Amino acid sequence: MQKQKPTRTVFEKIWRAHLVGEETPDHPALLYIDRHFVHEVTSPQAFSELRQRGLSVRRPDRTFATLDHSIPSDKQRRNYPDAQVRQQVQTLRENCQAFGIELFDMGSAEHGIVHVIGPELGLTLPGQTIVCGDSHTATHGAFGALAFGIGTSEVGHVLATQCLLQRQPKTMAVQVEGALPHGVLAKDLILAIIKELGSGGGRGYVIEYQGAAIRALDMESRMTVCNMSIEAGARAGLVAPDDLTSAYLKGRRYAPQGEAWEQALERWNELYSDPDAAFDASLRIDASKLAPMVTFGTSPDQSIPIDGEVPSSNPEIAEALDYMRFEGGRGLLGTPIDVVFIGSCTNSRISDLRMAASILKGHKKAKNIRLLIVPGSEGVKRQAEAEGLAQIFIEAGAEWREPGCSMCIAMNGDQLEAGQLALSTSNRNFAGRQGKLGRTILGSPATAAATAIHGYLADPRSFL
Amino acid sequence: MQGWQELRSRFLLLDKAHIDTDQIIPARFLKQTHKEGLGAALFCDWRYDADGRLRPDEALNFRSDEGLEILVAGPNFGCGSSREHAVWALCDYGFRAVLSPSLSDIFKSNALKNGLLTLEVSADFYQILLAHPHSQLSINLERRLVTVDGRHEFEFQMEGFARTCLMQGLDQLGYLLQHEPAIKRYEEEYCP
Chain A
1 MQKQKPTRTV
11 FEKIWRAHLV
21 GEETPDHPAL
31 LYIDRHFVHE
41 VTSPQAFSEL
51 RQRGLSVRRP
61 DRTFATLDHS
71 IPSDKQRRNY
81 PDAQVRQQVQ
91 TLRENCQAFG
101 IELFDMGSAE
111 HGIVHVIGPE
121 LGLTLPGQTI
131 VCGDSHTATH
141 GAFGALAFGI
151 GTSEVGHVLA
161 TQCLLQRQPK
171 TMAVQVEGAL
181 PHGVLAKDLI
191 LAIIKELGSG
201 GGRGYVIEYQ
211 GAAIRALDME
221 SRMTVCNMSI
231 EAGARAGLVA
241 PDDLTSAYLK
251 GRRYAPQGEA
261 WEQALERWNE
271 LYSDPDAAFD
281 ASLRIDASKL
291 APMVTFGTSP
301 DQSIPIDGEV
311 PSSNPEIAEA
321 LDYMRFEGGR
331 GLLGTPIDVV
341 FIGSCTNSRI
351 SDLRMAASIL
361 KGHKKAKNIR
371 LLIVPGSEGV
381 KRQAEAEGLA
391 QIFIEAGAEW
401 REPGCSMCIA
411 MNGDQLEAGQ
421 LALSTSNRNF
431 AGRQGKLGRT
441 ILGSPATAAA
451 TAIHGYLADP
461 RSFL
Chain B
1 MQGWQELRSR
11 FLLLDKAHID
21 TDQIIPARFL
31 KQTHKEGLGA
41 ALFCDWRYDA
51 DGRLRPDEAL
61 NFRSDEGLEI
71 LVAGPNFGCG
81 SSREHAVWAL
91 CDYGFRAVLS
101 PSLSDIFKSN
111 ALKNGLLTLE
121 VSADFYQILL
131 AHPHSQLSIN
141 LERRLVTVDG
151 RHEFEFQMEG
161 FARTCLMQGL
171 DQLGYLLQHE
181 PAIKRYEEEY
191 CP
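If you read the protein sequences in the order shown, they are chains A and B.
Letter by letter, the first sequence follows residues 1 to 464 of this note's numbering.
Letter by letter, the second sequence follows residues 1 to 192 of this note's numbering.
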C-alpha cells in the first residue's frame with residue numbers, strides 16, 4: 001500500500017525544514033534561522049552579552065545590519081536629536097566591525113529600513129526563516145518566508161547560535177476573496193482585517209493570507225499586508241510564493257543566480273498549503289465590500305471606513321476617543337489635520353510613493369499641513385528622484401527626507417508636538433507613539449496625499 | 001538569574017486592556033545601549049505630569065512604598081513593539097510577575113529571558129482579583145497555584161520549559177549553546 005503524503009500548510013513546511021531539534025513537553029523546538037537582520041536600537045545589549053561571555057557571531061554570513069530606527073532624516077544627516085542616538089549609531093558600527101557583520105550604513109546604495117531593504121536586496125527569500133529585533137519583521141512573510149520579531153535576548157541567541165527556542169505556533173487562514181474596489185489599497189485591506197481580528201485576535205498564530213484578492217496584490221502590497229500582522233497580535237503573517245514573487249526577486253543582488261536560481265525555483269514551487277491542509281482558525285473577508293480605512297482610536301484595530309462614523313462611545317473605546325478628542329457617532333471626513341507622514345516599513349516603497357505622487361501632482365499641500373515624505377530606502381529614494389516623484393513632492397510643498405523610520409517611531413526628532421493630529425501611513429496609532437501627546441490616524445498613502453492637499457481628512461477616491 | 005519556587009506579594013492593578021509596550025516604555029527611552037536603569041521611565045507618560053513631576057494620584061508611583069512585586073493587568077498586555085526594554089523597565093522597577101487574562105507573544109518570550117513570570121489567568125480569576133485589590137497573592141510554581149489571601153485558589157497551566165527556566169533560573173543562551181553538536185550537524189546537512 002502506498003503511504004499517503006502528509007498534508008501541510010506553507011508554515012508547517014518551512015517549520016519542519018528548520019528543526020534542529022523537535023519539541024517535547026519539556027523542551028521547545030530548536031529552530032534554525034536563515035537570515036538575521038540587526039539594527040541599532042535592539043542590538044547593543046545583545047552584542048554586550050556576547051562580549052561578556054566571550055562568544056563570537058556564529059554566522060556573520062547570515063547576518064545583515066542597517067541603521068534605521070533612530071537616525072536623523074535631514075539631508076546632511078546632521079540633526080541628531082541627542083548624543084545618545086549618535087552613540088547608539090556608533091555602537092552598531094563598532095559591533096559590526098568587531099563581529100564581522102555587513103552593515104548597510106547611511107548613504108550607501110543599500111541603506112534603508114530593514115524591512116524595505118531585505119526584499120529589495122534579495123536577502124529575503126521564500127522558504128526562509130527570518131528574524132529581527134523588530135515586531136514588523138512579518139513583512140518578509142510576503143515572500144513565503146516565516147519571518148517574525150524577537151526581543152534583544154533572542155537577538156543574542158541567534159547571533160551566538162543561529163537558533164531560537166520556539167514552541168510551534170498555531171495557524172490561521174485569512175481568506176480574502178473578491179477584488180479590492182478602485183482606490184482601496186493594501187493598507188485599507190490590512191486595517192480591515194485587523195479590525196475583524198482585534199488587536200489580540202492573532203495571538204499565538206501564524207497567519208497565511210490567501211484568496212483571489214491576495215493573489216492580485218503586487219509584492220509591495222503583500223508586504224504592506226504582512227507587515228501589520230503583529231497589529232492583530234499574530235506571531236507572523238505570510239503569503240505563499242508565486243510567479244510574482246520570483247519575478248520580483250530575479251536578478252536582485254543577494255538572490256540566487258544561474259543554476260542556483262533554477263534550483264531555488266524548484267524548491268519554492270513546493271511552498272503552497274496542500275489543498276486539504278488544516279488550519280487552526282480561519283477568517284473570510286470579501287474584498288469587494290471594503291472602502292479606504294482610517295483609525296479613530298489608539299489601537300490599530302479601532303478603524304472605520306473613511307466615510308463611516310466613529311462608533312458611539314462605550315467603555316471599551318471611551319478613553320481612546322477622549323485621547324483622540326473625537327466624538328462617537330460622528331464621521332471623521334473633514335477633520336483638520338496638522339501633519340501628514342508618508343513613510344515607515346508599512347508604506348514607504350516605490351509603489352506607495354507613486355500612488356501619493358499621482359494624487360499630489362499639480363497640487364500644493366494645504367497651508368496648515370506639515371507634509372513629510374520619507375522613502376524607505378536609498379534605493380527607493382533614488383528611484384523616486386529618477387522618476388520625477390520627488391520633484392512632484394517638493395513642488396507640492398513636502399519635506400522630501402532621507403530614508404529611515406522617522407516619524408513612525410519618533411526617535412530621531414521627527415515627531416508630533418503635543419496635541420497635534422497626524423494622518424500617517426505608518427502602523428501604530430498608540431497614544432504618544434509619534435510624539436508625546438501626539439494623536440495619530442492611520443491610513444493609506446492615497447488617503448495621506450488627498451488629506452495633505454485639503455488640510456483635512458479627505459477621501460482619496462475623488463482623486464483616483 | 002536566581003531560581004525561585006514561591007512569590008508572595010500584594011499586587012498593583014492596571015485594569016486596562018491592550019496596554020502596549022509604547023505605554024510601558026515610550027520609544028524615546030530606547031536610545032541607551034545598556035539595560036539598566038529603565039525603571040525610572042516605566043509608564044513614564046502615566047506617572048509624570050506635564051512638568052515632569054510624579055503624579056500623586058498614580059498608584060504606580062507608590063509601588064516600592066507598598067512593596068508590590070506583582071502587576072495585574074487587563075487582557076492583551078504587552079502588545080505592539082518587540083522592545084525588551086519594556087521587560088527590563090518592569091524588572092528594574094521591582095516587578096517580578098505579571099498576571100493578565102492574556103499577554104502578547106513577544107512580551108511573554110522577553111519576560112521569560114529576564115526571569116519575569118507571566119501568567120495567563122482565567123477571566124473568572126481576573127474578576128476575583130478585581131474584587132480583592134488589596135489581597136495578598138501567593139504564586140507557587142512547584143504546585144502551579146495562585147492563592148488569594150489564602151482563600152481563593154487558581155491552578156494555572158504553564159509551559160513546561162518556562163516553568164523550569166524560572167524555578168532553576170536557567171540561562172537560556174547557555175542551554176542553547178549546549179546544542180552545538182546538533183546545530184553543527186544541521187548546518188552540515190542543509191546550509192553549509
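FYI, nobody ran anything at the bench for these hints, they're computed from the structure.
Treat the hints with care, since some could be wrong.
To be verified - One side of the interface only, derived from the structure: several residues of chain B facing chain A at Cβ under 8 Å:
| id | residue |
| --- | --- |
| 1 | D105 |
| 2 | S122 |
| 3 | Q168 |
| 4 | Q172 |
Stated by the list, open to error - Derived lysine-lysine pairs resembling DSSO-like cross-links, with alpha carbons at most 27 Å apart:
| id | chain 1 | residue 1 | chain 2 | residue 2 |
| --- | --- | --- | --- | --- |
| 5 | A | K75 | A | K195 |
| 6 | A | K367 | A | K195 |
| 7 | A | K75 | A | K436 |
| 8 | A | K5 | A | K195 |
| 9 | B | K35 | A | K170 |
| 10 | A | K289 | A | K367 |
| 11 | A | K75 | A | K289 |
| 12 | B | K184 | A | K436 |
| 13 | A | K13 | B | K16 |
| 14 | A | K13 | A | K367 |
| 15 | A | K195 | B | K16 |
| 16 | A | K13 | A | K250 |
Every value quoted in this text rests on a predicted model; they were computed, and no experiment measured them.
Idealized CB from N, CA, C, for every residue including glycine.
Consistency of the hints with the structure:
Checking B/D105 against chain A by beta carbon gives a least distance of about 5 Å; that is within 8 Å, so the hint holds. A cut of 8 Å between beta carbons decides the hint on B/S122: the least distance to chain A is about 16 Å, and the hint is violated. With 8 Å as the threshold, the beta carbon of B/Q168 stays out of range of chain A, its nearest partner Cβ sitting at about 12 Å, so the hint is violated. Given the 8 Å rule on beta carbons, the hint for B/Q172 holds: about 6 Å separates it from the nearest Cβ of chain A.
Between A/K75 and A/K195 the alpha-carbon distance is near 38 Å, which puts this suggested pair outside the 27 Å criterion. Proximity of A/K367 to A/K195 is assessed by CA-CA distance (about 33 Å); at most 27 Å being required, the pair is judged violated. The hinted pair formed by A/K75 and A/K436 meets the criterion: a straight-line CA distance of about 25 Å does not exceed 27 Å. A distance of roughly 37 Å separates the Cα atoms of A/K5 and A/K195; the hinted pair therefore is violated under the 27 Å criterion.
Between B/K35 and A/K170, the direct Cα distance comes to roughly 32 Å. Violation of the 27 Å bound is thereby established for this hinted pair. Simply put, A/K289 and A/K367 have alpha-carbon atoms about 35 Å apart, too far for the 27 Å limit, and the pair is violated. Between A/K75 and A/K289, the direct Cα distance comes to roughly 42 Å. Violation of the 27 Å bound is thereby established for this hinted pair. Between B/K184 and A/K436 the alpha-carbon distance is near 48 Å, which puts this suggested pair outside the 27 Å criterion.
Among the hinted pairs, A/K13 with B/K16 is inconsistent with the structure: their alpha-carbon atoms are about 39 Å apart, more than 27 Å. Annotation: proposed proximity of A/K13 to A/K367 is violated, straight-line Cα distance about 53 Å (limit 27 Å). Distance restraint check for A/K195 and B/K16: the Cα-Cα separation of roughly 19 Å lies within the 27 Å cut-off, and the hinted pair is therefore satisfied. This hinted pair checks out: A/K13 and A/K250 have alpha carbons roughly 23 Å apart, not beyond 27 Å.
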